[in-house]
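From first to last, the protein sequence lines are chains S and L. Note that our numbering numbers the first sequence so that position 119 is 119, with each residue one more than the last. Note that our numbering numbers the second sequence so that position 582 is 582, with each residue one more than the last.
Hint data in this document are derived by calculation from the structure and do not stem from the laboratory. Small disclaimer: the values here were computed from a predicted structure and weren't measured. There's no promise every hint is true.
One-sided excerpt, in silico: chain S residues whose CB lies under 7 angstroms from chain L [said to hold, decoys possible]:
{"hint": "1", "residue": "Ala27"}
{"hint": "2", "residue": "Tyr329"}
{"hint": "3", "residue": "Gly333"}
All residues carry an ideal CB built from backbone N, CA and C; glycine is no exception.
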Amino acid sequence: MGKRADSMKDFWLSGELFVWMTASGVAVSLLMVGAMLALIMVNGLGQFWPATLHQIVLKTQETLIGQLVGQEVIPNSVTLDRPDGLNRFRYRVGNRDVFGSEYRWVNGDDIISTSRPEDLTFVERREWGPAFGRLGIVGKDGKPEASDGQTWSAIGALVQESAALRHRIEHVERDEIGAINYRLEKVRRERRALMLDGRLSSREADVDRRLVDQIATLERDYRAKTVTLEQLHQEAGQKSLLLTLANGPTLRLTLDQVVAVSRPNDMTWSDKSVAYLHNLWLFVSSEPREANTEGGIFPAIFGTVLMVFLMTIAVMPFGVMAAVYLREYARQGVLVRLVRIAVNNLAGVPSIVFGVFGLAFFVYALGGTIDQLLFPESLPNPTFGTGGILWASLTLALLTVPVVIVATEEGLSAVPRDFREGSVGLGATKFETIWHVILPCALPGILTGLILAMARAAGEVAPLMLTGVVKLAPALPLDGYEPFLHLDRKFMHLGFHIYDVGFQSPNVEAAKPMVYMTTLILILMVVLLNWTAVMLRNRLRKRFAMSPV
Amino acid sequence: MRPMIDRLARAVITVGGLATIVSILGIFFFLFRDVTPLFTAPSAKLTQRLSVPAALAAEGPAQVAVDEHREIAQVLTSGAIQFIDLASAQPVPIEMPSGFTARSITAMAHGGGRTSRYAVGTADGEVLILKVGTLTDFSDQGERRKRPHIHAGYPIPLTKSPIVRLAFRANDQGSLLALVSEGGRLLVVRLAADDVEGDNPLITELPQPNGAVTALALDASFENLYVGTTEGQVVHVGLYETEPPEVRSSYTVAAPSTAVTRLGFLSGDRSLVVMTADGAVSTWGLVRRTDTPSGWRLTHMHTFRSHPAPVTAFAPSQRVKGFVTGDAKGNLFLHHATSSQTLLRLTSGEFPVRTVAFAPKGDGLISLDEAGHLALYQVDNAYPEVTFATLFGKVWYEGYDEPAYVWQSSSGSDDFEPKLGLMPLAFGTLKGTMYALLLAVPVAILAAMCTSQFMHPDLRAKIKPIIEVMAALPTVVLGFLAGLWLAPLLERYLPAMAGMALTLPLLVIASSLVWYLLPPTFRRRLRPGQEALLLIPLLAMGMGICLWANSFLEAWWFGGDIHAWLSNRLGIQYDQRNALVVGLVMGFAIVPVIYSIAEEALANVPKTQIAGSLALGATRWQTVLHLVLLSASPGIFSAVMIGFGRAIGETMIVLMATGNTPLMDWNWANGFRTLSANIAVEIPEAPHGESLYRVLFLAALLLFFVTFVINSLAEIVRQRLREKYSHG
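Sequences and hints are given; from them, build the entire structure.
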């Protein structure tokens, strides 16, 4: 007994317990990071793999076609004679328009048989989410075009044809009609500006007549294009496929509703890999559909990158200038030290506060004034007096400027004294020393700061919500119409996309995998930027550690 | 040339650098500037004073009003109805309804709210309903035109003797009148809306109260009549559509034999304003009480500054819960119910105030005194409901049983009393922060101790960046995971969670014991710090087992249903998005922040001190516990402070992982709303420049201030620590 007590005391004194307790802190941290990344990767990357379609026959004689997406033990089903409880399965049965919901729980007890017939077809549609079923006759104007056996071979060409048509429709809609609308809007604005002071001089009246003519011409063009568009839509609607659903009814899908058709059960592993990459590419390169719950996230990626880019342009000169001033020009004393602490602490001020400031200062104060001075013809519709990509970028620039200042100062202070003295000794002025010697040496530090600022900016959402991000922007902030970069436009953002689709969308369940993938892309962006910054910083440290001091 | 460039560069950098620094520090002042209007004192100035034409100066009841642009005033007295163009101070000619001029008017009442309807009582015991107002329309040139109009209904005979007091309310269904005739008879009259000629008034007589009736008030629900008497009492009468009226209770509202001079309602007709002959002004509301037979009790809510003379006039604001009272010495007091404040005192002349009214937008007042002076005031009182007391104290709102801390900024109804109490939000902010720190502080500090003291430098160089890169994770990602992944998961696996809280620490203790008992040769294979790597699979396994055993644990510990168990045993209602979820995820978000600073502090404890301690015979962990931890404690403190500052301002996680319900309850199983999330939710809907907008700015300013102070403190502590060690 005594011996055991002694050994317990020894154990206590050895501190092993203490060491392991501290180790548990590290273990928990790492476990959390790992679990989170794994969770996001599995959920995000898994969705592009063409999932097997199951055909399930239930005891009620009902047949289902769906993808298995989850299973669980039914709560409270564990009893004495059933120690393992009852399982239930969650299937994605698609056809939201017919079934009302895209998902369905099926109790394991109710299933008679499950099979994977090769002819089950997955149809991705433009609206209402995917449809699962068996492909029936492909008809043109209601007439059968291919017999049963040929259906599948004919369908590929048809889908491609419809895609080409779709492409043309989009071209007419977006590029041609878009251009007309853009010019029309511009001419109308010019005319309003002309009318603004109430009276027209004779010269102005001439201009006005010319503008009216232009408007008439443009409106004629516009009507012509709508006719073309109408024809194209009709053409697209002519062909259709019939999809026989699991429980009998047939769904008639016109080809312009169909995005893609596949038979996942009939695909080989390599087919699936190709399809996987293709789906992934579509996701990052195409536009969202169905209130952002389907399609791609290209506008969000684009918006994020452009916003960060604009922010970088704004933040770099000012951040570097402030740091150079603080380190090289200001007299080092209590005041500069206080300023330094204050600037440092601004990095810890909640981002929402910057958002509020951006709303009040940039949007209302600055934007409102700009509107009154430069765009009086558009009032009361605000141009810059509402949220937009410029205000969002500037708000984030303000948010991240402390990061740049701190990092640049660190870089500047790491430049050895000898360099300065050498340069000044050779007759260079202070500015020449800074420009030719100190700044090049401090460049990695400056870049580190910039990259950290970019990483922070890319991940911030709260301030953007007040200064110009939207769930769905009708047009990118950068396009082919003069002035090309539309700083007043609202934009989409990956982070806000996550918030919006995850919490504001009507069909959260179906959108969840997409949100995971968006999340993954955002994390990749931020983490890559951070790692680059860390690498740069390490290089910087090594470089000056080796220099003789 | 070169010196010039140098000087130019110096100038540019100095100006640019200073401008940048000043502008980022200027954020504070800009926010401050947008908040200050909230606390500026309201003001009013007399814009016009004119004597009304003789026809209007007759004795008796009177009513005034002014249109929304304050261009046309209307005055109703027993002698005439007159519109006055205020720009020229001239009467606007208009035809009088014959029914009005032919009768001797003895009582008058306004229909309440924004209506243009009035009821007048005559010496013959009749009541006449009038519509008197000013319409605004626009000419083809866009010019604004005002068109005064008067419509009179048919006279409705109700009693034989002259009507001396009248109360009136009208809505789509009809009109309700309460009146007192000269003999002291108290009648309630109901008129259906389609009864244009007033043929079928439904008249009920009420018992006469003690003392003479001096004031009447009807509410817009047509359910309550309040009768004020000379004895300082208010009698509450319940009115029903089908049953006869019932006297509910009578309340003593003033000293005995101090008459109630006026009764009136604030906009929305829920708060009764009681004014007496000794100048007292107070508001009363029906509050649910079990000790009365009806279940309701008229309760004293707010008291305002007393007038030096009997109160003679009253008017509610048409938009907010403000009102104005006038007295027999010519004073006008402007009050606001929510803030329980008397905002302004206006005095114009020494004549008693006969009647007073607010301009429709609340930006003006019009009053008429016994000498026939019409006075117009411009009132600048944009934020009457916001004071320090209403923001941070308990406020007795309409419809509440007692004063409370409430945040509810808007609702569908027009007569809504905005409840802008910041306390529930400040509470929510603290709650979320506390739960987050509860998780983050131990994990981060333990991890910091491990990597800084017990870990091989090579391993440390790998692990430290991994933990630190967590700090860069966008919080929207964590919020998304918290709301859509963790919250539903936790709801189902709550028993497993309880199991983990119990078994994981035991697992750590057990593994350290097992390790201690292993032969030393085996133990030496592990490099210092690899315990952590060993623990990862062990902990993962422990968690896995707990999850697997979830239903078993639920059956064993919680009677098969943990949510029922929680609500029956502990009285806890479990919300899916709750403080526990936020604590876990926000804790996760601030672990790297605390870790990074604490690690630095621990690692910077001079090696000489550690070596000294070890040389004196202390073991490694004794050294850490008694020396290192103590030396680095200011640094660890500042790490916790910075983590605290980060958690306070965190927006996206709380926005997505709590229900955003502004509750005040420390319970882990329900949600809350923080200052930051509140700003994000409400500012897009807040009208620019109004109370809510500015209160949200105040919330932002508070966040700014708190985080700035906390971070500054932490920074100063850190710098001191650094200096201490750098000097040896």
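These are the hints, each one checked on the structure:
no. : hint   : in the structure
1   : Ala27  : holds (4 angstroms)
2   : Tyr329 : holds (6 angstroms)
3   : Gly333 : violated (15 angstroms)
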